[in-house]
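S.K.: Sequence:
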Amino acid sequence: MKNNIRRYLACDLGAESGRLIRGILENGRLFLDEIHRFQNIPVRSGDSLHWDLGSLQDEIIVGLKKVGALGESFESISCDSWGVDYVLYDSQGTHINPTFHYRDPRTAEGVKNIFKRLPWESIFMESGIQFMPLNALFQMGAETSDRLNAAASFGGVGDAFNHWLGGRAVLELSMASTFQLYHPVKKDWSKKLIEAAGLQQEQLPEIVDPGTPIGFLSDDLVKQHGLNRMQVVASCSHDTGAAVAAVPAADERWAYLSSGTWSLMGVELSEPIINDLSMKLNYTNEIGYGGSIRLLKNIIGMWLIQECRREWEGQGDALDYEEMTRLAGEAAPFKSLIHPADSRFIPPGGMPDRIAAFCRESSQTVPGTKGAMLRCALESLALLYRNTLQDIEIMTGNRVDVLHIVGGGSRNRLLNQWTANALNRKVVTGPIEATAAGNILIQALALGHLDSIEDARQVISNSFPTETFVPVDQSKWDDAFERFQSLESSTSR
Numbered sequence: 160m161k162n163n164i165r166r167y168l169a170c171d172l173g174a175e176s177g178r179l180i181r182g183i184l185e186n187g188r189l190f191l192d193e194i195h196r197f198q199n200i201p202v203r204s205g206d207s208l209h210w211d212l213g214s215l216q217d218e219i220i221v222g223l224k225k226v227g228a229l230g231e232s233f234e235s236i237s238c239d240s241w242g243v244d245y246v247l248y249d250s251q252g253t254h255i256n257p258t259f260h261y262r263d264p265r266t267a268e269g270v271k272n273i274f275k276r277l278p279w280e281s282i283f284m285e286s287g288i289q290f291m292p293l294n295a296l297f298q299m300g301a302e303t304s305d306r307l308n309a310a311a312s313f314g315g316v317g318d319a320f321n322h323w324l325g326g327r328a329v330l331e332l333s334m335a336s337t338f339q340l341y342h343p344v345k346k347d348w349s350k351k352l353i354e355a356a357g358l359q360q361e362q363l364p365e366i367v368d369p370g371t372p373i374g375f376l377s378d379d380l381v382k383q384h385g386l387n388r389m390q391v392v393a394s395c396s397h398d399t400g401a402a403v404a405a406v407p408a409a410d411e412r413w414a415y416l417s418s419g420t421w422s423l424m425g426v427e428l429s430e431p432i433i434n435d436l437s438m439k440l441n442y443t444n445e446i447g448y449g450g451s452i453r454l455l456k457n458i459i460g461m462w463l464i465q466e467c468r469r470e471w472e473g474q475g476d477a478l479d480y481e482e483m484t485r486l487a488g489e490a491a492p493f494k495s496l497i498h499p500a501d502s503r504f505i506p507p508g509g510m511p512d513r514i515a516a517f518c519r520e521s522s523q524t525v526p527g528t529k530g531a532m533l534r535c536a537l538e539s540l541a542l543l544y545r546n547t548l549q550d551i552e553i554m555t556g557n558r559v560d561v562l563h564i565v566g567g568g569s570r571n572r573l574l575n576q577w578t579a580n581a582l583n584r585k586v587v588t589g590p591i592e593a594t595a596a597g598n599i600l601i602q603a604l605a606l607g608h609l610d611s612i613e614d615a616r617q618v619i620s621n622s623f624p625t626e627t628f629v630p631v632d633q634s635k636w637d638d639a640f641e642r643f644q645s646l647e648s649s650t651s652r
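All the letters of the sequence shown, read from the start, carry residue numbers 160 to 652 under the working numbering.
If you are wondering where the hints come from, they were derived from the structure by calculation, not from laboratory data.
Backbone N, C-alpha and C fix where the C-beta goes; we use that ideal spot for every residue, glycine too.
Hints are supplied without guarantee of correctness; some may be wrong.
What the hints assert, rightly or not - Distance ranges between label pairs, derived from CB positions: (1) Glu-411 with Ser-611: 30 to 40 Å; (2) Gly-488 with Glu-231: 34 to 44 Å; (3) Asp-378 with Gln-549: 21 to 31 Å; (4) Lys-225 with Ser-281: 45 to 55 Å; (5) Glu-626 with Arg-188: 10 to 20 Å; (6) Arg-327 with Ala-516: 26 to 36 Å; (7) Glu-520 with Gln-617: 43 to 53 Å.
To be verified - DSS-like, lysine-lysine: derived pairs with alpha carbons at most 27 Å apart: (8) Lys-225 with Lys-345; (9) Lys-271 with Lys-439; (10) Lys-529 with Lys-635; (11) Lys-225 with Lys-351; (12) Lys-494 with Lys-635; (13) Lys-345 with Lys-494; (14) Lys-225 with Lys-275; (15) Lys-350 with Lys-271.
Modelling step: build the complete structure from the supplied sequences, incorporating the hints.
M.R.: Here is the structure:
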């Protein structure tokens with residue numbers, strides 16, 4: 160490990176907010192400093208839901224101006240974003256608007272169209288990716304012929320911003336693997352899935368491995384904002400790939416939970432598990448740094464809480480997350496449970512009513528207070544994590560001893576404790592800014608400033624505090640899990 164002081168920039172774009180973060184690597188430790196934070200607010204147009212890429216670009220420029228004012232020199236910059244969504248480019252490399260949001264209702268039609276062309280069994284065996292209507296394959300199935308014919312290529316959202324910064328127009332592998340168009344065993348595009356999506360061979364972008372330098376910051380950005388001509392790196396463009404690279408795991412048998420708007424829970428493997436069991440259980444095989452496989456389940460996560468908060472704020476009752484956690488902790492336990500994987504909880508809007516309807520339809524007590532509503536959501540999430548862990552242990556044949564929770568959701572100490580209780584396993588939390596940390600350390604690996612992913616994870620261990628939660632109240636959580644297993648999800652295949 161090299162000991163020079165080196166500076167990097169991470170542009171971390173999440174479904175709710177974005178941030179530009181400075182990382183300083185010095186003597187085996189990483190120091191993070193948030194330069195600029197901004198909201199990511201989608202745009203409604205009739206029934207459609209789009210991403211406002213222009214607004215995100217404007218906010219990144221604000222952040223770059225702040226970076227320029229620091230008067231420092233940086234090694235590189237890289238953008239990451241959520242998975243599954245894509246940007247279409249025309250023959251001039253210009254974005255074809257709009258860029259659709261994965262919660263846009265068009266995906267339902269896309270699923271029907273794709274299933275007319277290819278059965279689900281073939282889709283899974285080709286991609287190893289779980290069924291989710293929001294996957295890029297199904298989104299492309301909803302595209303109009305005019306838009307697809309006008310597209311010369313496509314990329315992920317993080318890839319699009321790396322290109323705007325000055326890098327080549329590429330699709331980074333961790334992002335490509337979320338699109339359900341890539342064959343992780345053959346390590347190439349799936350011809351069957353490309354054809355089902357209505358794409359032509361000449362429209363397929365160049366795929367690069369995580370940790371690939373792809374160019375330099377553009378001259379315009381350098382001159383306009385007083386920046387040095389730093390390199391642009393495709394780190395892990397998919398934020399989960401970056402976050403898992405920053406899990407401070409030791410040699411013990413571990414699983415991870417990247418906790419944010421979505422909860423992504425799984426284990427790191429050397430080879431994908433694509434068989435009848437993983438298809439039946441609806442698991443996904445995404446690709447991470449160094450060709451690693453993330454066998455995982457996408458779980459709806461803190462979206463339940465975020466949407467309750469947004470709904471109540473619209474009614475004039477604004478609550479911060481700390482207050483919401485307090486209310487949940489004070490409510491009576493296990494009065495009502497939902498199945499968070501139910502498809503009714505995916506669209507935005509009306510979340511408290513959706514939770515109430517699920518409880519009513521399953522002959523449970525309808526939560527009568529905000530605290531009861533929040534407790535119902537959080538306890539149900541913890542129980543879904545237990546169900547997920549059981550699946551993973553069955554598929555891999557290995558027991559997991561510790562769950563590492565990283566990302567913004569790891570701030571919720573109440574949910575961390577309930578997760579330990581539900582799993583009857585030790586839970587270790589941190590770092591909170593795992594995605595930005597992983598993004599930056601993959602940049603360092605790309606430029607030869609770190610030697611291995613093991614080095615990078617040691618840097619994380621040296622740099623960020625962790626907190627350990629041990630399970631309690633096991634019999635109560637076992638009883639609750641029996642009830643939870645009786646609930647049905649309309650998303651289950």
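S.K.: Hint by hint, say whether it matches the structure.
M.R.: A quick look at each hint next to the structure:
no.: 1; hint: Glu-411 with Ser-611: 30 to 40 Å; in the structure: violated, 19 Å
no.: 2; hint: Gly-488 with Glu-231: 34 to 44 Å; in the structure: holds, 43 Å
no.: 3; hint: Asp-378 with Gln-549: 21 to 31 Å; in the structure: violated, 54 Å
no.: 4; hint: Lys-225 with Ser-281: 45 to 55 Å; in the structure: holds, 49 Å
no.: 5; hint: Glu-626 with Arg-188: 10 to 20 Å; in the structure: holds, 19 Å
no.: 6; hint: Arg-327 with Ala-516: 26 to 36 Å; in the structure: violated, 48 Å
no.: 7; hint: Glu-520 with Gln-617: 43 to 53 Å; in the structure: holds, 50 Å
no.: 8; hint: Lys-225 with Lys-345; in the structure: violated, 44 Å
no.: 9; hint: Lys-271 with Lys-439; in the structure: holds, 20 Å
no.: 10; hint: Lys-529 with Lys-635; in the structure: holds, 23 Å
no.: 11; hint: Lys-225 with Lys-351; in the structure: violated, 47 Å
no.: 12; hint: Lys-494 with Lys-635; in the structure: holds, 12 Å
no.: 13; hint: Lys-345 with Lys-494; in the structure: violated, 48 Å
no.: 14; hint: Lys-225 with Lys-275; in the structure: violated, 51 Å
no.: 15; hint: Lys-350 with Lys-271; in the structure: holds, 20 Å
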